[in-house]
Amino acid sequence: MKSDKMKPIKARIIRALSVGSRLTCADNTGAKVLEIIAVIGYKGVKRRKPKAGVGNVVKCTVKEGNVKLRKQIVDAVIIRQKAGYRRANGMRVCFEDNAAVLVNEKYEARGSQVKGPVAKEVVERFISIGKVSSMVV
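Residues 1 to 137 in the working numbering are what the sequence shown lists, from first letter to last.
Check the hints yourself; a few may be wrong.
Stated by the list, open to error - Ranges of calculated distance between the beta carbons of each label pair, as one might list FRET restraints: (1) Gly30 with Ser134: 17 to 25 Å; (2) Val19 with Arg92: 21 to 29 Å; (3) Lys10 with Val67: 39 to 47 Å; (4) Gly30 with Gly90: 23 to 31 Å; (5) Thr24 with Gly130: 15 to 23 Å; (6) Gly84 with Gly20: 15 to 23 Å; (7) Ile37 with Asn66: 17 to 25 Å; (8) Gly65 with Met91: 16 to 24 Å; (9) Ser112 with Gln72: 29 to 37 Å; (10) Ser112 with Lys46: 37 to 45 Å.
As the list claims (entries may be wrong) - Mimicking DSSO-like on lysine-lysine, the simulated pairs with C-alpha atoms at most 27 Å apart in a straight line are: (11) Lys7 with Lys71; (12) Lys131 with Lys106; (13) Lys10 with Lys63; (14) Lys32 with Lys49; (15) Lys82 with Lys7; (16) Lys82 with Lys131; (17) Lys46 with Lys32; (18) Lys115 with Lys51; (19) Lys115 with Lys32; (20) Lys106 with Lys59; (21) Lys43 with Lys10; (22) Lys59 with Lys120; (23) Lys131 with Lys32; (24) Lys106 with Lys71; (25) Lys32 with Lys106; (26) Lys82 with Lys115; (27) Lys120 with Lys7.
None of these hints come from the bench; they were simulated from the model.
Yeah, the Cβ is synthetic: ideal placement off N, Cα and C, and Gly gets one too.
Please put together the full structure from these sequences, using the hints given.
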């Protein structure tokens with residue numbers, strides 16, 4: 001089962017990105033813009049749009065980028081979101097953009113480097129993303 005690899009997050013993350021939201025792809029896989037089509041592990045109410053936040057795994061479709069990747073359905077982990085969220089120590093965190101990193105079925109980053117900052121909560125849950133990221137905030 002996929003969910004046994006994920007660890008809990010200590011922060012109270014607001015789920016700000018719903019199905020249909022567009023994200024920038026922050027790795028060097030060739031994808032530029034991703035659109036969320038499903039949230040993995042979301043349990044919600046009938047007719048309610050699934051939402052995701054930092055550290056969630058989402059199914060995305062590649063809207064812009066490399067010709068081989070375009071129109072493909074991929075798994076991604078959200079590493080940044082514009083909406084602020086609260087950490088356990090009382091600090092509030094928000095980023096300039098919404099961004100994600102493409103992952104494989106073992107939740108390891110597909111690219112070899114990540115551009116821009118990565119939230120600390122993501123690195124707590126997915127250690128392999130922390131290894132390829134340049135900056136953890």
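How the hints compare with the structure:
1. In this structure, glycine 30 and serine 134 meet the distance hint of 17 to 25 Å, their C-beta atoms being roughly 19 Å apart.
2. Checking the proposed 21 to 29 Å range against valine 19 and arginine 92 shows it holds: the Cβ atoms sit about 26 Å from each other.
3. For lysine 10 and valine 67, the Cβ-Cβ distance of about 41 Å falls inside the hinted range of 39 to 47 Å, so the restraint holds.
4. Checked against the hint of 23 to 31 Å, the C-beta distance between glycine 30 and glycine 90 comes to roughly 39 Å, which is inconsistent with it.
5. At about 19 Å, the CB distance of threonine 24 to glycine 130 agrees with the hint of 15 to 23 Å.
6. Glycine 84 and glycine 20 have their C-beta atoms about 21 Å apart, which keeps the hinted 15 to 23 Å range intact.
7. Taking 17 to 25 Å as the suggested C-beta distance range, the pair isoleucine 37 and asparagine 66 conforms, at roughly 19 Å.
8. The hinted range of 16 to 24 Å is not satisfied by glycine 65 and methionine 91, whose Cβ atoms lie roughly 34 Å apart.
9. For the pair serine 112 and glutamine 72, the supplied restraint of 29 to 37 Å is violated, since their beta-carbon distance comes to about 19 Å.
10. For serine 112 and lysine 46, the Cβ-Cβ distance of about 42 Å falls inside the hinted range of 37 to 45 Å, so the restraint holds.
11. For the hint pairing lysine 7 with lysine 71, the CA-to-CA distance comes to about 31 Å; that exceeds 27 Å, so the pair is violated.
12. Between lysine 131 and lysine 106, the direct Cα distance comes to roughly 15 Å. Compliance with the 27 Å bound is thereby established for this hinted pair.
13. For the proposed pair lysine 10 and lysine 63, the alpha carbon gap of about 32 Å is over 27 Å, so the pair is violated.
14. The suggested pairing of lysine 32 with lysine 49 holds, with an alpha-carbon distance near 24 Å, which does not exceed 27 Å.
15. Taking the CA atoms of lysine 82 and lysine 7, the gap is near 23 Å; set against the 27 Å cutoff, the hint holds.
16. Among the hinted pairs, lysine 82 with lysine 131 is consistent with the structure: their alpha-carbon atoms are about 23 Å apart, no more than 27 Å.
17. About 32 Å separates the Cα atoms of lysine 46 and lysine 32, which puts this hinted pair outside 27 Å; it is violated.
18. This hinted pair checks out: lysine 115 and lysine 51 have alpha carbons roughly 24 Å apart, not beyond 27 Å.
19. Of the supplied pair hints, the one linking lysine 115 and lysine 32 holds, its CA atoms being roughly 12 Å apart against a limit of 27 Å.
20. The suggested pairing of lysine 106 with lysine 59 holds, with an alpha-carbon distance near 14 Å, which does not exceed 27 Å.
21. With a C-alpha separation of about 20 Å, the suggested pair lysine 43 and lysine 10 falls inside the 27 Å cut-off, and the hint holds.
22. Proximity of lysine 59 to lysine 120 is assessed by CA-CA distance (about 22 Å); at most 27 Å being required, the pair is judged to hold.
23. The suggested pairing of lysine 131 with lysine 32 holds, with an alpha-carbon distance near 21 Å, which does not exceed 27 Å.
24. Of the supplied pair hints, the one linking lysine 106 and lysine 71 holds, its CA atoms being roughly 22 Å apart against a limit of 27 Å.
25. At roughly 22 Å between alpha-carbon atoms, lysine 32 and lysine 106 fall within 27 Å of each other, so this suggested pair holds.
26. Distance restraint check for lysine 82 and lysine 115: the Cα-Cα separation of roughly 16 Å lies within the 27 Å cut-off, and the hinted pair is therefore satisfied.
27. Our distance criterion of 27 Å between C-alpha atoms is met by lysine 120 and lysine 7, whose separation comes to about 13 Å.
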